[in-house]
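Q: Taken in sequence, the protein lines are chains L and G. In this text, residue positions in the first sequence follow my numbering: the first is 9, and each later residue adds one. In this text, residue positions in the second sequence follow my numbering: the first is 6, and each later residue adds one.
It cannot be assumed that every hint is accurate.
[Stated by the list, open to error] So the derived label-pair ranges between C-beta atoms look like this: (1) L/Arg263 x G/Ser200: 20 to 28 Å; (2) G/Lys166 x L/Glu270: 38 to 46 Å; (3) L/Gly312 x G/Met169: 44 to 52 Å; (4) G/Lys189 x L/Arg263: 41 to 49 Å; (5) L/Gln98 x G/Val32: 39 to 47 Å; (6) G/His152 x L/Glu111: 53 to 61 Å; (7) L/Pro320 x G/Pro101: 52 to 60 Å; (8) G/Ser173 x L/Asp106: 42 to 50 Å; (9) G/Ala94 x L/Gly299: 43 to 51 Å; (10) G/Phe103 x L/Gln98: 40 to 48 Å; (11) L/Lys190 x G/Ser29: 51 to 59 Å.
Hints are computed from structural coordinates only; laboratory data are not their basis. Remember, predicted model here, so these are calculated numbers, not experimental data. Even for Gly, the Cβ is constructed at its ideal location relative to N, Cα and C.
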Amino acid sequence: MKCKAMEKEINKWATFLVENELAQLRSNFTDKSAGLAQIKFRLSEQGTNTRKHLKSEIMKLDTSGLESFSTLTAPGDDVVGEFSAPPSFQLPNSNDFDGFVKEAIQMVKPAKGTTTLAFIFKDGVIVAADSRASMGGYIYSVKKIIEINPYMLGTMAGGAADCQFWHRNLGIKCRLHELANKRRISVTGASKLLANILYSYRGMGLSVGTMIAGWDETGPSLYYVDSEGGRLKGTRFSVGSGSPYAYGVLDNGYRYDLSVEEAVELGRRAIYHATFRDGASGGVVSVYHVGPEGWKKWTGDDVGDLHYQYYPVVPSTVEQEMVEATGA
Amino acid sequence: MECVFGLVGNGFAIVVADTSAVHSILVHKSNEDKIMVLDSHKLIAASGEPGDRVQFTEYIQKNVALYQFRNGIPLTTAAAANFTRGELATALRKNPYFVNVLLAGYDKETGPSLYYIDYIATMHKVDKGAFGYGSYFSLSMMDRHYHSGMSVEEAIDLVDKCIMEIRSRLVVAPPNFVIKIVDKDGARQYAWRESVKDAPVPSA
Chain L
9 MKCKAMEKEI NKWATFLVEN ELAQLRSNFT DKSAGLAQIK FRLSEQGTNT
59 RKHLKSEIMK LDTSGLESFS TLTAPGDDVV GEFSAPPSFQ LPNSNDFDGF
109 VKEAIQMVKP AKGTTTLAFI FKDGVIVAAD SRASMGGYIY SVKKIIEINP
159 YMLGTMAGGA ADCQFWHRNL GIKCRLHELA NKRRISVTGA SKLLANILYS
209 YRGMGLSVGT MIAGWDETGP SLYYVDSEGG RLKGTRFSVG SGSPYAYGVL
259 DNGYRYDLSV EEAVELGRRA IYHATFRDGA SGGVVSVYHV GPEGWKKWTG
309 DDVGDLHYQY YPVVPSTVEQ EMVEATGA
Chain G
6 MECVFGLVGN GFAIVVADTS AVHSILVHKS NEDKIMVLDS HKLIAASGEP
56 GDRVQFTEYI QKNVALYQFR NGIPLTTAAA ANFTRGELAT ALRKNPYFVN
106 VLLAGYDKET GPSLYYIDYI ATMHKVDKGA FGYGSYFSLS MMDRHYHSGM
156 SVEEAIDLVD KCIMEIRSRL VVAPPNFVIK IVDKDGARQY AWRESVKDAP
206 VPSA
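In isolation and in its complexed conformation, chain L is listed as follows (with noise of 0.2 Å):
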């Protein structure tokens, strides 16, 4: 299955690559000691695109994501004549790398603080999600559930970053395969162009925890996608740290055949469940329905305000009051 030839062809080309990189990078430091630094991250990280530009068979790193899309830079640029260098990041500058590096995911690692769910049902899939993100004490509001295209809807959970750019990139992925094909992507192509990527970034310290939701051809359709490369098919799912307490109203309140109002108010209840329970879920309650026309908001309620909606406050009888005393 492997050309001989083709791999030498690939070899040349691949260390013409190296040494106009390693020029390049030349050029550009003067401290020594940084730029030696780089140029060997640069050389094993082009060792290992080498390798794996040459056993084709093994997955490459899809670094579709990071390509500008303003290709059309003047000709003359002091690179590498026609070539232009393989897509890559600037790097800090730090002397432990490695430690950096680790320090830099274990941070996200833990970060899925958050509920969100999404179900399948006779007239499509409702989308739930509280909004709070919190940064160590610090508690804030975020939009949880973005919207890639006008019938498909992704959530968000884990690293807010990540999430809002695969999301976003993944929308534009989506309108570059209709212009294409003249057609719109399924859902199922969505969530597999997007687990793709996600799986050729693991270990890297990407953490997304995400559901994609759409009407396509053949229905309503729920895929879950994380950030370890797995994705699964099914037709209820929940995902982050409320998740569990989040399931269990699901599950019992679940029917295939409920109307859009009992299915809207189910989300909202297993949401609201979970805040209440969950220190890392809480804020506003959005949830969203998706038809076969494409998505619409429904509610976004603060759970405050669902908790006295759901158990409004019963006076209670006083069996002992305290008076003032009346005089000495």
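Dock chain G against chain L, hints included.
A: Chain G in isolation, oriented as in the chain L frame:
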């Protein structure tokens, strides 16, 4: 937690896998099919990290199909198993796949065969094999009751014995299992063994 096991009988090979997709303490779904049909007469049952499992088995499936398109004849089971092992071995020192694989197939010339392929690219041709926590229970059951040339009924009986043992003795036993068989008529699903059914969804 993931239980995969299989055995070779008289003119057929059977593989059984659990069907739960688990994330720490949460069961995301209980009907995830982990036995992929590689081609008309091969099955690949995989267990391990979820992303790796799907990506690796799909990769093997597409390469096996490519060979058939290019050369007009399908790969033998031994060739497919060696190819799978080779891919695991090549990736091992760079970007290892954490997938354990049981590859079952039927060839006209050599009959049924079962290959045990570890995540560190160990390969053995076996009559019976198992992966996961379930292997602690199913291997000894199979050692006790297996004999070469079992009929389908005897083999399914043995499989059910193993499943019952796993269910009663494993602390986090998976509720549902899928059984697939490959013989001269091809690779196909044989049965499900379910103890937890999901809410019924009327089919479109």
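Q: Work down the list of hints and note, for each, if the structure agrees.
A: Now for the hints, and whether the structure bears them out:
no., hint, verdict
1, L/Arg263 x G/Ser200: 20 to 28 Å, "22 Å, holds"
2, G/Lys166 x L/Glu270: 38 to 46 Å, "45 Å, holds"
3, L/Gly312 x G/Met169: 44 to 52 Å, "50 Å, holds"
4, G/Lys189 x L/Arg263: 41 to 49 Å, "45 Å, holds"
5, L/Gln98 x G/Val32: 39 to 47 Å, "42 Å, holds"
6, G/His152 x L/Glu111: 53 to 61 Å, "57 Å, holds"
7, L/Pro320 x G/Pro101: 52 to 60 Å, "57 Å, holds"
8, G/Ser173 x L/Asp106: 42 to 50 Å, "47 Å, holds"
9, G/Ala94 x L/Gly299: 43 to 51 Å, "50 Å, holds"
10, G/Phe103 x L/Gln98: 40 to 48 Å, "32 Å, violated"
11, L/Lys190 x G/Ser29: 51 to 59 Å, "43 Å, violated"
Checked against the numbered hints given earlier, the structure breaks hints 10, 11 and satisfies all the rest.
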